[in-house]
Amino acid sequence: MTDGTERIEFTKKMKRTHKILIPNMLDIHFRMLRNVFAGCGYDMELLTNTDQSVIDEGLKYVHNDTCYPALLTIGQIISALKSGRYDLERTAVIMSQTGGGCRASNYIHLLRKALKNAGLGHIPVISINLAGLEKNSGFKITLPLLRKAMAAVVYGDLLMLLKNQTKPYEVKKGESEALVDYWVGLLSGLFERGRAVSARAVRGFLKRIVASFEAVRIQKTEKVKVGIVGEIYLKYSALANNRLEDFLAEQGCEVMVPGVLPFMLYSAGTRIDDHALYGGNPLIKWAAALIRSFFLKFESYMLEALKGSSRYVSPTPFMRVRELARSCIGHGCKMGEGWLLTAEMLELAESGYENIIIVQPFGCLPNHIVGRGMVRSVLRARPEANIVSVDYDPGATRVNQENRIKLMLAVARERLAERAAASSGPAGPGGASGSEIYVGGLAALSRS
Amino acid sequence: MLRIGLDVGSTTLKCAVLDASNNIKIIFRQYRRHFSRIAERAAGMLQAVREAFPGEELVRISVSGSAGIGLAEKSGLNFVQEVYATKTAVSALLPGTDAVIELGGEDAKLLFLTGAPEARMNGSCAGGTGAFIDQMATLLGLTPAELDGLAARSERVYSIASRCGVFAKSDIQALLNQGARKEDICAAILSAVVSQTIAGLAQGREIAGKVVYLGGPLTFLPELRARFDRALETEGLLPADSLYYVALGAALSGEGAVCGLDELIGKIGAAPSGSGYAACRPLFESEESYRLFRERHGGGISLAPLGPDNRAYIGVDAGSTTVKAVVINSSGEPVCYKYLPSAGNPVGLVRDFLLEVYEKYPGIEIASSAATGYGEEIVKNAFRMDLVVVETVAHFTAARRYDPQVDFILDIGGQDIKCFRIADGCIDNIFLNEACSSGCGSFLQIFAGALGYSIEDFAREGLFADRPVDLGSRCTVFMNSSVKQAQKEGATLGSISAGLSISVVKNALYKVIRVGDPGSLGEHIVVQGGTFLNDAVLRAFEQEVGRNVTRPPMAGLMGAYGAALCAMENGSGKSTILDAESLKSFEHKVSSATCGGCSNRCMLTVNTFGGGRKFIGGNRCERPLKPEGQKQALNLYEYKRELLAAYASHEGRRETIGLPLGLNMYELLPFWHTFFSRLGFGVRVSPPSSRSLYHKGQASIPSDTVCYPAKLLHGHIEALAESGADAIFYPCMSYNFDEGLGDNHYNCPVVAYYPEVIAANMKCLGGLKFIKDYVGPHNRRAFPGKMRAILAREFGDIPLREVRAAAKAAYAEYESYLGKVRRRGEEYLAAAKAGGLRVIVLAGRPYHLDGEISHGIDKLICSHGAVLISEDALGGRFEKRPVAVLNQWTYHSRLYAAARLIAESGDISMNLVQLVSFGCGLDAITGDEVRRILRLGGRIYTQIKIDELTNLGAVNIRIRSLLAAIDRKEGGARHD
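Quick mapping for you: the protein sequence lines, in order, are chains A and B.
Numbering of the first sequence is given in the working numbering, commencing with residue 1 and proceeding in unit increments.
Numbering of the second sequence is given in the working numbering, commencing with residue 1 and proceeding in unit increments.
Calculated directly from the structure, the hints in this document are not laboratory data.
Label-pair distances were calculated between CB atoms; the ranges are:
hint	chain 1	residue 1	chain 2	residue 2	range
1	B	G766	A	G252	37 to 45 Å
2	B	L936	A	E250	49 to 57 Å
3	A	E9	B	K820	42 to 50 Å
4	A	G352	B	L238	39 to 47 Å
Which stretches of chain A does chain B cover? Using the computed rule of at least three CB atoms under 8 Å from a CB of chain B, they are:
hint	segment
5	55-63
6	109-121
Here a beta-carbon is modelled for each residue, glycine too, at the ideal position from N, C-alpha and C.
Please put together the full structure from these sequences, using the hints given.
Written as C-alpha cells, this is what we have:
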C-alpha cells in the first residue's frame with residue numbers, strides 16, 4: 001500500500017527524453033539560467049503563461065492559506081501542463097527548495113500534492129537546492145553547472161541594476177530594454193557553447209555591459225527613488241506583484257531592486273552564523289565559508305565593473321550590508337529573507353533610495369519579523385526612510401495596493417520638492433534641474 | 001473660476017467647491033450615497049454645481065477618494081491620493097493639528113502631522129470602519145444612528161473582535177443568543193472600532209495633542225466620538241465640514257486641469273464603462289435555460305394536514321440570523337412552519353410561534369420536540385423541549401428524507417457554511433467555515449442593502465448578466481475592495497450581483513471544503529440553507545461542480561425539519577414542552593453576572609424564565625452550571641498547567657531575570673527556570689495571559705495579522721517590565737530540541753524570532769536589560785560555553801563549572817517534565833480504556849495550553865465526558881515515519897507522529913482534534929498533512945481555528961458532531 005510519501009525520481013534516462021518546465025520568477029535571470037541548463041544537456045522551457053488560469057489552478061490545487069508565491073508557481077505549472085502543449089509522458093518540472101525554517105521549503109511537497117490531485121502525479125518534480133535535500137540520478141548540480149549558473153546570476157543582477165537606473169531617463173524609449181535583450185541573447189548563446197563563464201570572461205563581459213549602458217543617451221531629471229525589498233518571489237515576479245515596477249515607472253519613479261546574489265550570499269552564510277551561535281560540525285561551517293567566498297568573488301567582479309562608472313549607483317558590498325544589519329537584527333535570523341531584508345532597507349536608505357516598499361505574501365511569517373517588525377528599528381537608524389508595507393494574495397486588489405503606495409509616493413514627492421527648494425534657494429532658478437545628456441546606445445555598441 | 005474637489009468614497013460621493021480667490025471657504029457642498037453608479041451620480045452632482053453657479057463656465061477640478069481613481073482615469077482628470085488630500089486640507093484649515101482620525105466607508109486613516117509626519121491606512125484585512133458599523137447595525141436591525149443612540153445607554157462593555165466584520169458578527173451573535181442587552185452590544189461595537197483604530201493604526205505611537213475627527217461615521221455618531229475621546233483621554237475636534245476634507249484637499253491641490261463645466265459633465269457622464277475586469281461565464285445563457293432550471297428546482301413546500309391522531313412533532317432551529325420552526329405530523333410531513341429573522345433573542349419568536357400553533361390546532365398532541373442551532377440550549381430551557389440535536393445531525397436527517405442516497409450536504413446559512421460527507425450512513429467528515437470566510441449568506445444580503453436593493457431583486461439582476469465579475473474566493477472584507485475594483489472597471493450591477501453569488505459558491509468550495517476537483521464532492525449532493533433559495537447561488541454551484549444537485553423545497557428550513565424528524569425518531573409519547581396555558585404566563589428576564597469559578601472571569605448572562613427555570617450563557621466551561629464537588633475531569637491540559645505553575649517567581653542571590661510565558665518559553669519554562677535558579681538568579685515568570693494583559697501590550701504590535709500567541713507576548717513583556725525584574729530573558733531560537741521525529745528541528749519563524757520584534761518595538765524595555773541572544777540548547781556540548789559568554793556580558797563572569805552544572809540540572813528538569821506529562825497521559829489512557837471513555841487528543845503547540853489562547857476548549861471537550869490529552873503525552877510511543885511534506889519543525893513533527901499513531905491504532909474511541917492559530921501559515925501545511933494521515937486510517941479530522949476571540953458555540957458544534965459521528969461509527973463497529 002502506498003502512503004503518499006514516495007516521490008517520482010527524475011532518472012538519467014529522463015534527462016534524454018523529458019522536457020523540464022521551470023516556473024518563472026525573474027525574467028532576465030531565468031532566461032539565461034534556462035540556457036545554462038540547456039548547455040548542460042537539459043531540455044528546459046521557461047514558463048511564461050500568466051493568464052487568469054494560473055491563479056485559478058493555484059486556488060484549486062493549493063490550500064488557500066498557503067502563501068501566494070506557492071499558489072502562483074504551482075498554478076503556473078499546472079496551467080501549463082493542462083494546456084495541451086506538452087507531452088505529459090515526457091515532461092518534468094523543476095522547483096527550487098530553500099530548506100530553511102520558512103514554509104517555503106515545503107513548496108515542492110505542495111506541488112507534488114497538487115499534481116497528484118490534478119491527476120498528474122506521474123510527473124517528476126526536481127528539487128533544486130544547495131542543502132542536499134532531495135536527490136535525483138538524472139539531475140545533478142555539478143561544479144561546472146554551478147559556475148555557469150553563478151555567471152548567469154551575476155550578469156542578471158548587473159543587467160537588472162543598469163536597466164533600472166537607465167530606463168527612467170533614456171531619451172530614446174526602449175533603448176535599455178533592447179540592450180538587456182541583446183545581452184541576454186548574446187550571453188545565452190555563449191553559455192550553450194560553454195563560454196562566458198571563466199573568471200576572466202565574466203570580468204570582461206561585465207565591464208562591456210556597463211560600458212554599453214553608459215553609452216545610452218539619457219536625460220537626468222529629479223525623480224522619486226524607490227527601493228523594493230521583500231519576499232523573493234514577490235519582489236521579482238511581475239505576475240505576483242501586479243507589475244509593481246511598471247506601476248512605479250508610470251508614477252515617474254526610479255526603482256532599485258536588490259539582486260539575487262546577495263540572497264545567495266546570505267543563504268550560504270547562515271551555516272556559518274549557526275556555527276558561531278550554537279556550535280556544531282566545523283566541517284559544515286568550513287564548506288559554507290568556501291561557497292560564500294566563491295560567491296563573493298563573483299560579487300567583486302560586478303563591483304569592479306561598476307567602479308569606474310560615475311553614472312550608476314553601485315550596490316553596497318554584501319559584507320558591509322551584513323554589518324548594517326547589526327544595528328537592528330541578529331544574524332541568526334535566517335528564515336525566509338531573514339536579516340537580509342532588514343539590512344537591505346538600511347542599505348537602500350543609505351544609497352539614496354529611502355522610499356521603500358516591502359512586498360510580502362499575505363500572512364508571510366518571516367516578514368512579520370524582518371519586514372513589518374523591523375520598520376521601527378529602521379526608522380530609528382534612518383529617520384529619512386519612508387516605508388510602506390504591502391500584502392499580496394489572490395484576493396487583494398490592485399486599487400488598494402496602489403493607493404497605499406501612492407500615499408508613500410506623495411510623501412516622497414513632497415520631500416523631493418522640499419529638497420529641491422532648499423538647494424535651489426539662494427542660487428536662483430534652474431539650480432535643481434541640471435540635466436546631463438549622453439549619447440550612444442545600442443548603435444554605438446554595435447560599432448565597438 | 002471655481003475650484004472643485006470631488007471625493008469618490010467606497011459608498012458616498014462628496015463635492016466641495018471653492019471660489020477663485022485664495023479664500024478657503026466652501027461655497028457649495030454636497031454629500032450623497034452613490035450606490036456604485038459613480039459616473040452617473042458624479043455628473044449629476046456637477047450639474048447641481050452648474051445650476052448653483054450659472055455664471056461660472058471654467059472650473060479647475062481634481063478627483064480624490066478610494067474609488068476615485070477609476071473615474072479620474074476614464075475622464076482624464078487629475079487624481080489626488082485621499083490621505084494626501086486630507087493632509088492638505090487640514091494643514092490649510094486647522095493649522096497646529098497633531099493628529100487626524102478619519103473613518104470612511106471602508107477605510108480608516110490616521111495621520112500624524114507633527115513630529116515625524118506619518119500616515120497610516122487600514123491594511124487589507126482591517127475592519128473597524130463605517131462599513132463595519134453599517135454591517136453590525138443591519139445585523140441588529142438598527143440604523144447606525146440608532147445603534148449610536150443605544151450605545152450611549154450601555155451599562156457594561158463586552159469585548160468583541162473588530163478586525164473583521166465576520167468575527168465580530170459571530171461574537172455578537174453569541175452575545176445575542178445569550179440574551180445580552182442590545183445597548184451593551186451596541187457599545188461593544190463602537191468600542192471595537194475605537195480599539196481597532198488605535199491598536200491597528202497607531203501601533204504604539206501615541207495619539208495626543210490636537211486631534212481632529214473626520215469622515216462620515218465620526219460626523220454622524222456622537223457616541224463614537226465620545227468613545228474615542230475617552231480612549232485617547234483627550235477631547236477631539238469635529239470641525240465644520242468634517243465630511244468634506246478630502247474633497248476640499250482635492251480642490252486645494254491646484255494641480256487639476258482647467259476645463260469647461262458643461263464639457264466636463266458631458267465627459268464624465270459619457271465615461272466608457274469598460275470591461276477590463278476579469279469575468280466568469282454567465283449564470284444563464286438564455287431565458288430558456290433559466291426556465292428549464294426552474295422546472296427542476298421549482299417545487300415549493302406543500303403542507304400536509306395534521307393526521308387523525310392529532311400527533312405532531314416540533315423542531316426549532318435557532319440559527320445565527322434566523323429562527324426556523326417546523327411542525328410535522330406522524331408521517332413526517334410538514335404541517336406548518338415559520339421562518340423568521342431573529343434580530344436578537346430567539347425566545348420571544350419561539351413563544352409566538354408556539355402560541356400560534358396551539359391556536360391553529362386546538363386538539364394538537366405534541367409527542368416530542370427538539371431544538372437545534374446556536375440558540376438550542378436557551379430555547380430548550382425556555383420551553384422545556386425534549387431534546388437538543390446537534391445541527392449537523394439535524395441537517396443530515398432532513399436531507400436523507402429527500403435523497404436517501406445523499407452522500408454530500410452543503411448548507412449555506414446566513415453566517416455559516418456547513419458541509420459534510422456521508423459514508424456508510426453516518427456523518428464522516430465535517431467542514432464548518434473558519435472564522436475568516438463565514439458570513440456568506442448575510443454578506444450577500446448586506447451588499448444588496450448597501451446598494452439599495454432587496455436581496456431578491458439584487459439576485460435577479462445577476463441571473464442574465466453576461467460578464468459576472470470574478471471576485472475569487474476570499475474573505476468578505478477583500479470582496480468589498482474587489483467590488484470596488486470591478487466598479488472602477490465599469491462592471492454593471494448585474495455583473496456584480498452574479499459575481500457575488502459565484503464568489504459565495506467558490507468560497508464554500510475552495511475555501512471551506514477546499515476541493516481539488518469540485519466534481520468529486522459526491523454523486524448525490526443536497527444543498528440547503530437560506531442562501532441556496534437564491535437561484536443565482538444555486539446555479540453558480542451547479543456550474544462549479546458540473547452536475548445537477550437537489551435543492552429540497554424545505555431548503556431554508558432543513559435544520560428545523562431535521563430536528564422535528566429526530567424528535568419523531570426519539571419521541572416518547574408525550575412531550576415536556578410548555579403547553580398553551582403555561583406559555584401565556586411565560587416570563588423571560590435577563591441579568592448579568594461575572595463568574596468567579598476561575599481566573600477566566602467569564603461574563604455571564606443569566607436568563608430566567610419563571611417557574612425557576614434559567615439558562616446561563618457566556619460561560620466557557622461548565623463550572624458555573626454545575627454544583628461544586630463534581631468528579632474531576634481527566635484533562636491533561638489542566639495537569640500541564642498545574643505543572644508549569646509550580647515554576648514560580650522567586651528571589652535569588654544574583655539579579656532577577658524575567659521570563660515571559662509564551663511561544664518558545666512555554667514548554668521550555670522548566671528548562672530556563674531551573675537553569676537560572678541554579679545559577680542563583682531570582683526569577684520572575686510573567687502572569688497568566690488574560691484579555692487585560694493583551695490590551696496592555698496591544699499598542700506595540702507591529703503586524704496585525706500575526707498569530708494571537710505572538711501578540712500576547714507584548715503584554716507579557718509589559719508585565720515583566722513592571723515587575724521589577726533586572727533583566728528579561730527571551731532568547732531567539734532557530735532550533736528547538738531534536739526529538740528525532742523529523743528531518744530537522746526548527747521552530748516556526750515567529751516562535752524563533754519574535755524576540756527581535758519585541759526588541760524593535762517595545763518602549764518599555766528602555767533601561768532594562770533585554771537578552772534576546774540566539775541560543776541553542778539543542779547542542780548540549782556547546783550550550784554552556786555559549787550561554788556563559790552571554791551571561792558574562794550582562795552580569796559579569798560566572799565560572800563555566802557553575803554554568804555547566806546549571807545546564808545539566810536544566811536538561812534533567814526538562815526531561816522530567818516531559819516524563820511526567822507522558823506518564824500522566826498513559827494513566828489517563830488506561831483510565832479511559834477501563835471506563836470505556838472516549839479520548840480526544842487535542843493537538844497543537846505547547847503554548848496552546850494558555851487559557852487565553854485556547855479559550856477553555858479543553859474544558860469544553862471534557863464537559864462532554866471525554867478524556868483529554870495533548871499530543872506530547874503520546875511522546876513515549878512516537879516513531880519516526882515518512883510524511884508527504886518536509887518534516888522540519890519540532891512541534892509539528894509531534895503532530896504528524898500523533899496522527900500516525902491514532903490512524904494506525906485501530907482504536908476508534910481515540911480521536912485527534914487540531915488547534916490552529918489564526919494566521920499560522922505553517923498550519924496550512926500541517927493541517928493538510930495531519931488530515932491526510934488520519935484519512936489513511938479512515939479517521940475523522942477535526943480542526944479548530946483559534947484567535948483573539950473564538951466562538952465557542954461553533955467549536956461546540958464541531959466537538960458534538962465529532963462525538964455523534966464517533967457514536968455512529970462505534971455503533972457500526974458493534975454491529976459488525
